[in-house]
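Novice: If you use this note's numbering, the first sequence corresponds to residues 104 to 523, in order.
Since the hints were made in silico from the structure, they are not lab data.
A couple of the hints might just be wrong.
What the hints assert, rightly or not - Label-pair restraints from in silico Cβ distances:
id, residue 1, residue 2, range
1, GLY446, ASP347, 25 to 31 Å
2, ASP115, GLU512, 52 to 58 Å
3, LYS476, ARG374, 48 to 54 Å
4, LYS476, THR405, 52 to 58 Å
5, GLU323, MET351, 26 to 32 Å
To be verified - Here are the simulated DSBU-like pairs of lysine-lysine, each with C-alpha atoms no more than 35 Å apart in a straight line:
id, residue 1, residue 2
6, LYS203, LYS184
7, LYS273, LYS239
8, LYS188, LYS159
9, LYS118, LYS314
10, LYS184, LYS314
Model, not experiment: these values are computed from the prediction.
All C-beta atoms in this analysis are idealised placements derived from N, C-alpha and C, irrespective of residue type, glycine included.
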Amino acid sequence: MLDRKLIRENPDFVKEAALRKGVVAKVDEFLGTDTLWRKATHELGEANAEMNRISKTIGQLMGQGKKEEADAAKSQTAELKARIKELEEDERFHEAELCKLELTFPNLPHPSVPDGKTPEENVTVKEWGDKVLASKNHTEIASELGLIDFERASKVTGSGFAVYTGLGAKLQRALINFMLDFQVEHNGYREVAPPALVTSQSLVGTGNLPKFAEDLYKCEGDDLWLIPTAEVPVTNLYRDEILDLIDMPYKLAAYTPCFRREAGAAGKETRGIQRTHQFDKIELVKYVLPEWSYEELESLVTDAEDILQALGLHYRVLLLCAGDMGEKGCKCYDLEVWAPGEGRYLEVSSCTNFEAYQARRSNIRFRRAPGEKPEFVHILNGSGLAVPRLMIALLETYRQEDGSILIPEPLRSYMGTDVI
RNA sequence: GGACAGGUGGCUGAGUGGUCGAAAGCGCUCGCCUGCUAAGUGAGUAAGGGGCUUCCCCUUCGCGGGUUCGAAUCCCGCCCUGUCCGCCA
């Protein structure tokens, strides 16, 4: 959600910025509706003020025992009351229209974000580590070593799911624990373990609803949805709250399973566990002061990179172009890890500065000093990291001549072994 | 799932039809006093929206409806919290 004042005062700026994302924002429609809404709001206010005056007078007359005069005053209210009802309906109607329009506006890209429409126009800003070549892909490796059972997974739940078995299951658990511990111990995050189901309202707060309902799993019979990422429950943690400046920035790290319908996705890029309907992920979420949010974005990226470096995996960092970064972000970096067996890079993290977009939707604010007006916080998040794709990179990178997998040093204590 | 109790400002908590957007206390801000004090004292202190913007108006007492000239207060529905019972990993 954008600042209404910004749209009113700089309609052309909003149009142009939205256009960089390839979105034709209905700014003119918004302005028209906004005018109607403000007119209705204003008239309703005046009508209410009049009614309040009359009511107050009646109260006073009653208090003085002047019942007849009070009754006389009462008789004048009928018309006004009807008018108020009409104006209320007007106001409500325009307000609803306004909300509907507002929710279709994308967040505006930061000036430092490059132009572009397609993934090809994203800019590689960094590469780290050595690119290992030639290897079996992870599905072959996993079957060889008995780490993942795809056949039985599809029997139980259908396609797009995996059953991790033996040391495969343990590797998943090791990665989760390692990543969480790392972020808490080295980068100052606080661990939270949120629910995996959330209400519609929470999904509106993060911008997943109303536009992206078809990407989500909905529970029949309840207003509950399976989360597509921990971003949803964690961002909503402080909904409708005014945060303490002293505690900022808030840095939270959460592990959850994530559920995505991935409707339409199929083919080579879904092989194995590259894109499953359920996967595990560590999510990093930060609530920060507006003036620091771009510095915080950079450090969020390095926090996520730390994991890849600790595991010694080759990766690159992309700065996404305006057209490829999605609706909600202002600036977004993707971390892509090299998967030798697949022969391509896999996205393991997407670090985004949303500025006040989500804070406005979820009403999360802070106060600079006692007595001052609350302001919206800036919210950022990024994966730290997605487990299955990380596991792919690990298996494919650390496969040795004899077919076994060398476990990187930081994971050994979690695995209880240095080789699979 | 059943029964009962309750949801009020940053917090505690009073308020059962009319100057109540709301007593009191805590906290906080500014000032005074006191030669040291986690003391005393005075004033201020909710949010959102709108306007003819040193001031005024509207909305908000869990949420949504209703009754009424007027609702924190009465009625209906829902949500949430607590306690007890039942059930259960």
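Novice: Indicate, hint by hint, whether the structure satisfies it.
Specialist: Hint check results:
no., hint, verdict
1, GLY446 - ASP347: 25 to 31 Å, "violated, 49 Å"
2, ASP115 - GLU512: 52 to 58 Å, "holds, 55 Å"
3, LYS476 - ARG374: 48 to 54 Å, "holds, 53 Å"
4, LYS476 - THR405: 52 to 58 Å, "violated, 33 Å"
5, GLU323 - MET351: 26 to 32 Å, "violated, 40 Å"
6, LYS203 - LYS184, "holds, 29 Å"
7, LYS273 - LYS239, "holds, 21 Å"
8, LYS188 - LYS159, "holds, 20 Å"
9, LYS118 - LYS314, "holds, 19 Å"
10, LYS184 - LYS314, "violated, 38 Å"
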